[in-house]
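Undergrad: Chain by chain, the residues:
Protein chains: 10
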Amino acid sequence: MSDDLSHLTQLGRTTPLPASPEAAVLERVANPSPGRAYLVRFTCPEFTSLCPLTGQPDFAHIVLDYVPRDWIVESKSLKLYLASFRNEGAFHEACTMRIAERLVALLDPVWLRIGAYWYPRGGMPIDVFWQTGAPPDGVWVPPQDVPGYRGRG
Amino acid sequence: MSDDLSHLTQLGRTTPLPASPEAAVLERVANPSPGRAYLVRFTCPEFTSLCPLTGQPDFAHIVLDYVPRDWIVESKSLKLYLASFRNEGAFHEACTMRIAERLVALLDPVWLRIGAYWYPRGGMPIDVFWQTGAPPDGVWVPPQDVPGYRGRG
Amino acid sequence: MSDDLSHLTQLGRTTPLPASPEAAVLERVANPSPGRAYLVRFTCPEFTSLCPLTGQPDFAHIVLDYVPRDWIVESKSLKLYLASFRNEGAFHEACTMRIAERLVALLDPVWLRIGAYWYPRGGMPIDVFWQTGAPPDGVWVPPQDVPGYRGRG
Amino acid sequence: MSDDLSHLTQLGRTTPLPASPEAAVLERVANPSPGRAYLVRFTCPEFTSLCPLTGQPDFAHIVLDYVPRDWIVESKSLKLYLASFRNEGAFHEACTMRIAERLVALLDPVWLRIGAYWYPRGGMPIDVFWQTGAPPDGVWVPPQDVPGYRGRG
Amino acid sequence: MSDDLSHLTQLGRTTPLPASPEAAVLERVANPSPGRAYLVRFTCPEFTSLCPLTGQPDFAHIVLDYVPRDWIVESKSLKLYLASFRNEGAFHEACTMRIAERLVALLDPVWLRIGAYWYPRGGMPIDVFWQTGAPPDGVWVPPQDVPGYRGRG
Amino acid sequence: MSDDLSHLTQLGRTTPLPASPEAAVLERVANPSPGRAYLVRFTCPEFTSLCPLTGQPDFAHIVLDYVPRDWIVESKSLKLYLASFRNEGAFHEACTMRIAERLVALLDPVWLRIGAYWYPRGGMPIDVFWQTGAPPDGVWVPPQDVPGYRGRG
Amino acid sequence: MSDDLSHLTQLGRTTPLPASPEAAVLERVANPSPGRAYLVRFTCPEFTSLCPLTGQPDFAHIVLDYVPRDWIVESKSLKLYLASFRNEGAFHEACTMRIAERLVALLDPVWLRIGAYWYPRGGMPIDVFWQTGAPPDGVWVPPQDVPGYRGRG
Amino acid sequence: MSDDLSHLTQLGRTTPLPASPEAAVLERVANPSPGRAYLVRFTCPEFTSLCPLTGQPDFAHIVLDYVPRDWIVESKSLKLYLASFRNEGAFHEACTMRIAERLVALLDPVWLRIGAYWYPRGGMPIDVFWQTGAPPDGVWVPPQDVPGYRGRG
Amino acid sequence: MSDDLSHLTQLGRTTPLPASPEAAVLERVANPSPGRAYLVRFTCPEFTSLCPLTGQPDFAHIVLDYVPRDWIVESKSLKLYLASFRNEGAFHEACTMRIAERLVALLDPVWLRIGAYWYPRGGMPIDVFWQTGAPPDGVWVPPQDVPGYRGRG
Amino acid sequence: MSDDLSHLTQLGRTTPLPASPEAAVLERVANPSPGRAYLVRFTCPEFTSLCPLTGQPDFAHIVLDYVPRDWIVESKSLKLYLASFRNEGAFHEACTMRIAERLVALLDPVWLRIGAYWYPRGGMPIDVFWQTGAPPDGVWVPPQDVPGYRGRG
Ligand SMILES: [Ca+2]
Ligand SMILES: [Ca+2]
Ligand SMILES: [Ca+2]
Ligand SMILES: [Ca+2]
Ligand SMILES: [Ca+2]
Ligand SMILES: [Ca+2]
Ligand SMILES: [Ca+2]
Ligand SMILES: [Ca+2]
Ligand SMILES: [Ca+2]
Ligand SMILES: [Ca+2]
Ligand SMILES: [Ca+2]
Ligand SMILES: [Ca+2]
Ligand SMILES: [Ca+2]
Ligand SMILES: [Ca+2]
Ligand SMILES: [Ca+2]
Ligand SMILES: [Ca+2]
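Residue numbers (this note's numbering), protein chains in the order written: chain A, 1 to 153; chain B, 1 to 153; chain C, 1 to 153; chain D, 1 to 153; chain E, 1 to 153; chain F, 1 to 153; chain G, 1 to 153; chain H, 1 to 153; chain I, 1 to 153; chain J, 1 to 153.
Hints are computed from structural coordinates only; laboratory data are not their basis.
Idealized CB from N, CA, C, for every residue including glycine.
Where hints are given, some of them may not hold.
Cβ pair distances, simulated, as ranges [unchecked claim]:
no.	chain 1	residue 1	chain 2	residue 2	range
1	E	101	J	7	55 to 61 Å
2	B	5	E	14	44 to 50 Å
3	C	133	I	11	35 to 41 Å
Which bits of chain B does chain E cover? Going by a derived footprint, with three or more residues having C-beta under 8 Å, they are [to be verified]:
no.	segment
4	19-29
5	134-148
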């Protein structure tokens, strides 16, 4: 499999945190099971960005599901890409869609969805859910099952 | 994005609690991803109104889901709108539907639903669930998963 | 709304516990949103009746869901109706169906279902689930999600 | 063991529900391990009485812990005694203490406690906790761990 | 028991929401078990006040535990007293202590504690815990066990 | 209803544990609501049999769902039937199917399913799920929601 | 370690289920860390015996904690010993104490306790808790934390 | 049933851990209910392999569901097969698919799916979900309901 | 209370994220209940810093408890102080202690403790717990009850 | 801090899995807060060893708590040390104590404890709990709160 990975620039190396999403290098490798409609789920409970108005930190729990076509995302580069939002100002909806759209552009997946569960501000959290369309027939897509926000008590 | 927000009267300013739902100014901004059928969920565990018969406080946990068309709701104005029921007498069913209908009128969304989970009175809570119709095809609508009431034990 | 409520005999008054389900006066009021297919859920964790064979108390957690047509049930009368089973001997299945059928007769709802989760006797609880038919299209019917019985441990 | 049980009037027989706590016959049998400071816990999630002011039903989840001295309570008679409150008007605090005191009088236990977890009325449940004194040294008394009330959400 | 209750002004009557904590009439009745060191717990998941700086609503889940001496609090008046903070501006710490101190003044209890679990603002909730001193010997004081705040995920 | 029950041999009598499933008398009574497609669920967390190879005890949590046609199972006889596997050697899959098939033969139900959740052996539990076919249209079939096995931690 | 185990009759062999607790051979091996006051916990969610009055099966979840002195119990023999109650008639309290006392006799432990959490009969489960005395100083004894019974809902 | 099992090489014998998945002998037996479309679920919370890049251990919780055609997998051989990955270097996606494909080859099932829930590395766990196609009509396939990863808090 | 707050530089103003913990201005106000030994708990599920070796983000859920003497911490400045670690390289133990020590220096509290629950790295999370000494007598200190890490399954 | 770490052989380098616990190099660094009695908790849900009798894999969830004196354990070396049991045959009790004793020898901590929660074998899991003595005064030692085993249901 080393042939497949030789073009990668970050895997197996110490890589600094990218300064911005634009600076992040999101990489892909060939789908090891190209004929199988399987689903890959990444769970990222460590997402943070900045509020574009106030510069204060925002936090989110993000779950990404996709069915690969020819490519799968290289997971270390995905981690660094998500971490690159650390100093980026971005609204919840725009930030969520931007992550999804970049992955769609990179991977041209059979199907993809993102669930972004933002920490509450002003007492009310916002969740954003998007998918590229109805899940393809015959693919198994378990619920993400992130608990709702309930305040206290 | 400041152009889009210049018409707003409350965002980024200290805004007093509106005296009633009628007095509340519910505002909207242009949908940043108008061609994407994504779902936005607001969770409000801090809803309170008054019983129209007794004047005693009522409480509810409210979850709002909608798929925007041209507009999204401005979240601070939504927060103030929901808070404006604080001194409003309203029955559970009517109160729930009124919130949903005002949002439908403001946003003309592709789809909207409301789940209102009222605190028990007389030992029995009432939940009210409404949606504008079946969810549109291909949109991802996760369950709200608010736990049922169980009394004690 | 007082006009709508003037025919009611129990709301806002001290009402004794009805001696039996037959003696209970189950009342209805006009559906405040007659054109909207919304669902109303009542959760009653305080149901009790008697075993018709032994006279020993039985207990159940009951959840009622319905989509109103022209009428909604008046909640205090529903509470009293359910409480009126307190001294009634009734088998689990018959008791559950009887409650549902009386509500159907009173309300002529678009759709109704009942979930009755009886406390275990002899180590095995019985649950009874009935609905008037498949849920109508486009109506949002969340799961009742009452946890299963698990014994100890 | 039949000798020990010959004085019992209810065990192994069909016994009607006692009409009141006074009418209930609470029975005891000799402690089978009189030299051992063990704790017996009864959990009763099926307790119900009436509100002495309104006659409406009240419900509670009750947990009884005791360390027997010479006697243990016969469990069927305890079940019937608790069920005998079904048509009894009693305030929460008084009702709870009355149960505990009758058991103390019957059993003269080394130690006893009662936790009564009442279903909410008016939005606020009341719990009542009483023990005859600090638990005796060297006796194992696990927490009752009944979850707190949390409203909705 | 009617003699004991004759001085009460709110129990069994329709009582409007007091305009402020000062206007609220917090009442007491004689302790029905004056020689017993039992604990009474009130759980109030429906507390709300206003932020004294911004006028925005604050919410809290409050649990009150006390061991009565000569008096117990009349529960309807307690409910109305807590509800009277609805339009009161008060900081979290001050508000919490004020409730506790008023109860101490009214009841002169053997012991009292308050746990106030405030909904998050700015991403961080504040909890306030106070008791009049170490719990008296031999009294059973179960943990309040209100879950911690966890954000999302 | 006594007419319907006069043919029963076990209900209301002291009945010894049957020596084997063959010896168990599984009884039925007329469906009290023959025109209603309701679902009856029995939860049995107390199932045990023997391993046919080693004679060691096996345990399972079993949930039975069925929609009756002309008959419902008499619950005491069901309890005894399930208990009759106590000294029976049976493989997990065969044991599960055997229970289901006997009930199908007895009741000729509209629909039936069985979920058998076996305790782990060798670190891996086996679950067996069977239904007589797709659930009939318009019948409400809640999920069984038995938690998966998770080992420790 | 084989020397220590050579006297064992069951470990590593196919052993039939003992016909009764008396017939069961409960074995011990030398404590491998005789100078260390550590606690060993066995959790047995698969305990079953018979009701001595009716012959019906009883079930319990049992947790055993002990601090060994010179011996530890051989776990396969413990498993067989517990399984040997399968056809034994025994009351809850007596059965629980009998298990504990046999282990005390076999092991002469520094300390031992048993928690027996019986499945409900007649709506009320019984738990039995016993320890040989206060836990020895400096030994770590985590709570058993078996959830209480809660009925349904 | 011994005839059916006579070809097996591992069941009922002490079998060493296979050195690799290739060395593992995965065995099958005739489907005992060949005409029934039932589902068998294996839950394996004890899966471990090695990272092919670093040689460090990886862990996963794996759930396998399948509907047998002519064969069922012999469970001890499945356990050994899964355990044989202990010293195998394998990427998450490839490892998951390899297990599923070997079972498909062995069993030619009506339908099969695998859910592999890998422990987090670098803060983000990967889940892999694959099924051979849409579940066959009329077969009951409960959700696997493995909780999502949530970090801390 | 405005007098007490006049020295504050951040409360009620838009304040940028401090560039480092040193740059953060942690402020205090006079204890409003100086004679009361109450406990204040701050829960911060939004803590993040950088790994000093790799520069990769670290995350933690932090809970701070303290009993004030003359001062309480101003909560907005605490929020900004915790947020100022965003670009700070710090080991888990050192980072945790540094936060605690700065608060001790600022507040000279009667008592303080910190619980830092770090997200797992390399499969194992680290928690750090420190308090200034045994809790003072008579103060109520509820457990923090942050769930342990459990991997998957 | 690099001076303190210069003697380390594994941190920041690619390190192969040690072949055995003896081969593993467990390293320590100077306690960064030597005068503070803080507690460090490591949670390892990824422990595995081999059964010394059968060679089959065993699994455990292990939690280590200690109060450092002059040294803290270097976490990567601890991870490798725990991973080195992968091919080691060891009984549950011996394996648990061996880990604890090696850490005591390395660190000479003020206090240390280990909780080892082994996956069930034969239906019963074993937990082993050991600490070096009573926790030192004034140190905060939260419970480990690993859930008990409950079988199924
Ligand atoms: Ca907030
Ligand atoms: Ca759910
Ligand atoms: Ca309940
Ligand atoms: Ca029962
Ligand atoms: Ca169980
Ligand atoms: Ca209520
Ligand atoms: Ca709440
Ligand atoms: Ca917030
Ligand atoms: Ca707790
Ligand atoms: Ca579910
Ligand atoms: Ca607990
Ligand atoms: Ca679920
Ligand atoms: Ca979290
Ligand atoms: Ca696990
Ligand atoms: Ca096992
Ligand atoms: Ca706990």
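Undergrad: Work down the list of hints and note, for each, if the structure agrees.
TA: Tested hints:
1. Separated by about 58 Å at the C-beta atoms, residue 101 of chain E and residue 7 of chain J satisfy the suggested range of 55 to 61 Å.
2. About 47 Å separates the C-beta atoms of residue 5 of chain B and residue 14 of chain E, a value consistent with the hinted range of 44 to 50 Å.
3. For the hinted restraint 35 to 41 Å between residue 133 of chain C and residue 11 of chain I, the CB-CB distance of approximately 59 Å leaves it violated.
4. Counting residues of the segment 19-29 of chain B whose CB lies closer than 8 Å to any CB of chain E gives 0, which falls below the minimum of 3, so the coverage claim is violated.
5. Using a Cβ-Cβ cut-off of 8 Å, 0 residues of the segment 134-148 of chain B lie near chain E, which falls short of the minimum of three, so the contact claim is violated.
Taken one by one, the earlier hints fail for this structure at numbers 3, 4, 5, listed in ascending order.
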